[in-house]
Each structure stands twice: as C-alpha cells, then as structure tokens.
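**Q** Take the sequences, apply the hints, and build the full model.
The residues making up each chain are set out below.
2 protein chains.
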Amino acid sequence: MKLFNYFRSSASFRVRIALELKGLPYEYAAVHLVKGEHKKDEYAAVSPTGLVPTLVTDSGEALEQSMAIIEWLDETKPQPPLLPRDPLGRAKVRALSQLIACEIHPLNNLRVLKYLVRELKVEEEAKNDWYRHWVRTGLEAYERELARLPESKFSYGDTPTMADCCLVPQIFNGRRVNTPEDGLPRTMAVFNACMEHPAFQKAQPSSCPDFEK
Amino acid sequence: MKLFNYFRSSASFRVRIALELKGLPYEYAAVHLVKGEHKKDEYAAVSPTGLVPTLVTDSGEALEQSMAIIEWLDETKPQPPLLPRDPLGRAKVRALSQLIACEIHPLNNLRVLKYLVRELKVEEEAKNDWYRHWVRTGLEAYERELARLPESKFSYGDTPTMADCCLVPQIFNGRRVNTPEDGLPRTMAVFNACMEHPAFQKAQPSSCPDFEK
Numbered sequence: 004m005k006l007f008n009y010f011r012s013s014a015s016f017r018v019r020i021a022l023e024l025k026g027l028p029y030e031y032a033a034v035h036l037v038k039g040e041h042k043k044d045e046y047a048a049v050s051p052t053g054l055v056p057t058l059v060t061d062s063g064e065a066l067e068q069s070m071a072i073i074e075w076l077d078e079t080k081p082q083p084p085l086l087p088r089d090p091l092g093r094a095k096v097r098a099l100s101q102l103i104a105c106e107i108h109p110l111n112n113l114r115v116l117k118y119l120v121r122e123l124k125v126e127e128e129a130k131n132d133w134y135r136h137w138v139r140t141g142l143e144a145y146e147r148e149l150a151r152l153p154e155s156k157f158s159y160g161d162t163p164t165m166a167d168c169c170l171v172p173q174i175f176n177g178r179r180v181n182t183p184e185d186g187l188p189r190t191m192a193v194f195n196a197c198m199e200h201p202a203f204q205k206a207q208p209s210s211c212p213d214f215e216k
Numbered sequence: 004m005k006l007f008n009y010f011r012s013s014a015s016f017r018v019r020i021a022l023e024l025k026g027l028p029y030e031y032a033a034v035h036l037v038k039g040e041h042k043k044d045e046y047a048a049v050s051p052t053g054l055v056p057t058l059v060t061d062s063g064e065a066l067e068q069s070m071a072i073i074e075w076l077d078e079t080k081p082q083p084p085l086l087p088r089d090p091l092g093r094a095k096v097r098a099l100s101q102l103i104a105c106e107i108h109p110l111n112n113l114r115v116l117k118y119l120v121r122e123l124k125v126e127e128e129a130k131n132d133w134y135r136h137w138v139r140t141g142l143e144a145y146e147r148e149l150a151r152l153p154e155s156k157f158s159y160g161d162t163p164t165m166a167d168c169c170l171v172p173q174i175f176n177g178r179r180v181n182t183p184e185d186g187l188p189r190t191m192a193v194f195n196a197c198m199e200h201p202a203f204q205k206a207q208p209s210s211c212p213d214f215e216k
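Protein sequences, first through last, are from chains A and B. Just so we're aligned, residue 4 is where the first sequence starts under the numbering used here, counting upward by one. Just so we're aligned, residue 4 is where the second sequence starts under the numbering used here, counting upward by one.
Simulated from the structure, these hints should not be mistaken for lab results. Computed from a predicted model, the values in this text were never measured in an experiment. Treat the hints with caution; some may be incorrect.
As the list claims (entries may be wrong) - Now the in silico label distances, taken between C-beta atoms and shown as ranges:
1. B:Arg121 / A:Lys43: 25 to 31 Å
2. A:Glu30 / B:Gln204: 43 to 49 Å
3. A:Val180 / B:Ser62: 40 to 46 Å
4. A:Lys43 / B:His136: 18 to 24 Å
5. B:Val37 / A:Gly92: 45 to 51 Å
6. B:Phe214 / A:Gly92: 33 to 39 Å
7. A:Asn181 / B:Ser209: 41 to 47 Å
8. B:Lys205 / A:Asn195: 33 to 39 Å
9. B:Gly186 / A:Leu152: 17 to 23 Å
10. B:Asp61 / A:Glu154: 23 to 29 Å
As the list claims (entries may be wrong) - Here are the simulated DMTMM-like cross-link-like pairs (lysine to aspartate or glutamate), alpha carbons at most 20 Å apart as the crow flies:
11. B:Lys42 / A:Glu146
12. B:Lys80 / B:Glu30
13. A:Lys42 / B:Glu143
14. A:Lys130 / B:Glu154
15. A:Lys80 / A:Glu30
16. A:Lys124 / B:Glu143
17. A:Lys80 / B:Glu199
18. A:Lys117 / B:Asp89
19. B:Lys130 / A:Glu122
20. A:Lys124 / B:Glu199
21. B:Lys130 / A:Glu146
22. B:Lys124 / A:Asp132
23. B:Lys25 / B:Glu199
24. A:Lys25 / A:Glu215
25. B:Lys130 / A:Glu30
Claimed, not checked - Calculated from the model, a selection of chain B residues having no Cβ within reach of chain A, i.e. all distances over 10 Å:
26. Glu45
27. Leu54
28. Gln204
By construction, the Cβ of each residue, glycine as well, lies at the ideal position given by its N, Cα and C atoms.
**A** Structure below.
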C-alpha cells in the first residue's frame, strides 16, 4: 500500500495511526501542501479532489477520505478492530469521529485559512481566534459526549478506535494555536493514553520522513 | 424512533431520506435552529453537542451525526441497503458522502455563517461568495469522482446510497445562494434521478411539518 499524505495534515495523521495500530507496512509518499504539490497534475492523477490522504491499495485502487479509508482497513484487515462489533457501539465511535472530522477540522484546514486571509482579509490574530474557537467548541462537545459514556482508557473502551485516530491529530492541531486544554479531563486523559501507545508515537508528524520544524 | 431535526438542516435532511428509503416510520421532533432551540436545556438533555439531527431509538439511545445514524440504520434495518456489500464499494460510497459532509457542508452551516458575520464582520455578499465557493468547489470534486466510476443512475450504482442522501441536501443548500450548476452533468443527473424518487420527495424541506417559506 502507498499512502499519499503530508506530515502536518491531520486527516493524513488519522490514517497513519490506523495503519500503525494494525501493524500494516506502507510506502510513504509525501505531498507538500504548502508548496502546492496537491494541485499538480501528478497528484490529480491519483486524487480527483486534490486532498490528502489517498491510500493506493495493493490492487491499485485509490481510496480517499480518512474515515472511509480507516473503515476499509478495518473491514479488510480486521485485527485489531478499530470499531466495536455491535451496531450501537459502532454508531457511538463513528459519531465521536465525525464530531472531529465534520465539526472541527474542516474549519481549520489550510485551504479554508487561506480563504480567510486572501479573500476575506482576516488578520493573523482573528484567524487564530477562529481556529481556536472551533477547536475549543468541538473539544468541549467531545468532553460532554465522553461524560455520557462509561469511564474508559480510550475514547470508547480500553483499546484504541477510529475515534482516537481522529482525536489525537485534532489536539496536535489545536496546540499550534495554543488552544486551552483546561476543563477537558476525560478528553485529555484519552489523549495522554494514546500518546503512550507506540502506534500513535510512530504516526505523529515529528516521526514522518517529510517532517519540517 | 424519534428524530430531532429541522426542516432546513441538510444533515437532518440526509437522515430523513435514509428513513424514507427504508420505509421506517418516525416521530418528527422539530428543533428550530434560527430560534436557538438547539441551545436550550431541553435539547441539551438529548444532545450534548447541541447539533441536529439526533435519532432517539426505540430503546432510548440518542444517536448523533448524520452519517453515523445512517450507517446504524443500515446495520440494524438492512433492507434496502444504503451501502454496497463489498469493502471497496463501501469505501467509495463513504468517500463520496464525506466529500459532502466533511468538505462542503461544515463550512456553510448556520453557526459558521453567524461567526463570519458577527465576529469577522463579513458583509452579506462576501458571505454568499464564501458559501458558493465551497459548494461549487466541492461539487466540482464530486463530479470528478463520479467521472472515475461507471455510468449509473445514482451516485454509486442504480439504487440510492448514503452518498445520495448527502448529495441531495447539499444541492438544495447550494440553490439558496444560487450556486451555478453548469458543468456538472453526472452530478445533476443523479440529483434529478433522486428527486423523482418518492423517498427524496417525502424527506425534502417543503414536505416537513415545521417548513417555513
């Protein structure tokens, strides 16, 4: 398998975590978003959306959208599972994942921040306020969701799930703009448990071959 | 089942389509977003996120996030299926769904538009440009994705899937700001096929009990 991705892309980071959790080797293909490599013809041949990540399977299929890729990995390489077996548990894990992937991250990705600055002439500090606002609002909702669930080591149960694959990169992103982390005890305990796990360590931006300070 | 939702919410609309496609009766609980009913204590008891939709199951579980709800419906009431059986087909349908639900819709929902106006002092026309920009950019990507797939009546194959549940409400939303629909032949053909289907007609905003012009 070959993963087209970027060290700082949090959607890419989600898939890297899933691959590491499942112990699956993959070829790392760096797409430098800041240099605009995702907009070039070479990458357009891989991804019609021009977004990262794309996972090219061993049979040559190009899979897009991080949660869809993680579900495909879970269906085709089931061990260890990243979703519970029961439909209710699966719904809860998917909802936690989507609370990050649909409610927080889309507002803070690079193309959106660029639009704020270039088209809407938003100043640096207001841009960072926007970023922090959506991360903090989303993480507070995540905390309230966790509060409805039984105590557990990870977001849902005592082994990592797709929800943790989504949460950890979002916390990394939030830190880039100094998002406050107080008042989120369950969420931050889960984050800390994840970061003690070798799969999350291996997948983090600073472990990537294209990492830049 | 009881669906907490709002006629104009496109995430609500997705779930209504899925319920109609499966022929499942449900109680319609209106949450008036413009009047702020989603922020009141009554709804907070149902949804910790304060977002719509929430589906309360017959056993009293509150399920959130539209794609998670649709997948739960598909796992617990499998006929007719809203996702293909094979992992690759499932990955494609999920990716199309997420192209709408993660890349377009989050940028245009009510709370985001309010932030643009109230905090960033964005004028009406620039707000509408923002809205159209993300809808159009996303639909162009959707069209390129469809172009990689075999010709079919709906987004993926000749029966409706979760992707169509996501696409149709997004087209409705785009029309509110006069998003151009030229150059999207496959996408618009799918939309038109959907709108001839009774399930999509019954689920549309103008068929809802809380509809307002």
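**Q** Tell me the numbers of any earlier hints that the structure contravenes, in ascending order.
**A** Hints 1, 5, 8, 9, 14, 16, 17, 18, 20, 21, 24, 25 and 27 are the ones this structure does not satisfy, whereas the remaining hints hold.
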